[in-house]
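*Asks:* As given, the protein sequences belong to chains C and X, one line each in that order. My numbering puts the first sequence at residues 4 to 118. My numbering puts the second sequence at residues -7 to 228.
Mixed in with the good hints there might be a few duds.
[Said to hold, decoys possible] DMTMM-like, lysine to aspartate or glutamate: derived pairs with alpha carbons at most 20 angstroms apart:
hint, chain 1, residue 1, chain 2, residue 2
1, X, Lys9, X, Asp97
2, X, Lys220, X, Glu182
3, X, Lys218, C, Asp18
4, X, Lys(-1), X, Glu51
5, X, Lys158, C, Glu45
6, C, Lys88, X, Glu182
7, X, Lys158, C, Glu49
8, X, Lys220, C, Glu45
9, X, Lys28, X, Asp10
10, X, Lys220, C, Asp81
Simulated from the structure, these hints should not be mistaken for laboratory data.
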Amino acid sequence: MQNRIVVGAHYGLRDWLAQRVTATVMALYTVFFVVNLFCLPEFSAEAWRAMFSGGFMRFATFLFWLALFFHAWVGVRDIFMDYIKPVGVRLVAHSVVAFLLIGYAGWAAQILWRL
Amino acid sequence: MANRTMKFQIYRYDPDKDAAPYMQDVSIEVDATDRKLLDVLVKLKAKDDSISFRRSCREGVCGSDAMNINGKNGLACLTDIASLKEPVQLRPLPGLPVIRDLIVDMTQFFKQYHSIKPYVVNNDPPPERERLQSPEDREELNGLYECILCASCSTSCPSFWWNPDKFVGPAGLLAAYRFIADTRDQATSERLDNLEDPYRLFRCHTIMNCVDVCPKGLNPTRAIGKIKDMMVRRAV
């Protein structure tokens, strides 16, 4: 048992709030996306490509991915905090996930603007 | 209720004698005068004085006899025996080190409680008689001050099981809000600073086991929500 309690990492609120805000962004995007999907003239690769050719769609989709990645970051970090006790291992796990998510964000941008 | 035999399975562990804890089957005659689980436990203790548990006021005020009753934390003195499915399984509060049988080491629990400074901090010179509150301000403390620190809530909280050294736990956070909500207290900012941490407060994932088990009918989840709300108002 630890004999003193060290407090004040001071990012609890920021991440908790960010998780709620990103969840809202994702929920709104999902509605926007489904509506757009059902407004397509036909379900084909061309129509799909056309849907993503608009600047706003690309922007909104990229925002969705960023929200998802940040949301996932807080969630996965919370799981690590609960279940990985050795600090060194946790730091490595945090770093791997953080870099992966940043990589995914770059990859998502590349895919979106390539379409 | 006529005399009948009640069956129990009781968690037994005496570190001086037992290599590992085990569940002991016991049965006992109960009569119409036995109303609460604690009455029966006292009877069991008279029959076999090696059975160990804490008890004191026997009326739900001291919080000593909290235990895990048929899988749910509660006070033995407030639990009607008529409501219990048999064999009644009695275990110590989960997540805390067992000292013996149903007695747990509450050091970690109280350490978290003390970490939130459970007293009014006011640097003004004390008035001649007392620091007064308006009835409305006093109203704010209802549902907060009644906590008896039995630890039923904190030991039913998975977040507290995983991080008892870092997460304050529902009992401690309810107490924290009790002093944050107190208009006589001047340390609100320090109190919020103390909890603004990914572990101390934000390990709460609103599982609400605490609300489910509180023998006093209190709602730590609501108190935690109010602390979060104050933090948002302070930051945004």
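*Asks:* For each hint, tell me whether it holds in the structure or not.
*Replies:* Here's how the hints hold up against the structure:
no. : hint                   : verdict
1   : X/Lys9 with X/Asp97    : 18 angstroms, holds
2   : X/Lys220 with X/Glu182 : 14 angstroms, holds
3   : X/Lys218 with C/Asp18  : 17 angstroms, holds
4   : X/Lys(-1) with X/Glu51 : 24 angstroms, violated
5   : X/Lys158 with C/Glu45  : 55 angstroms, violated
6   : C/Lys88 with X/Glu182  : 28 angstroms, violated
7   : X/Lys158 with C/Glu49  : 54 angstroms, violated
8   : X/Lys220 with C/Glu45  : 47 angstroms, violated
9   : X/Lys28 with X/Asp10   : 30 angstroms, violated
10  : X/Lys220 with C/Asp81  : 17 angstroms, holds
Checked against the numbered hints given earlier, the structure breaks hints 4, 5, 6, 7, 8 and 9 and satisfies all the rest.
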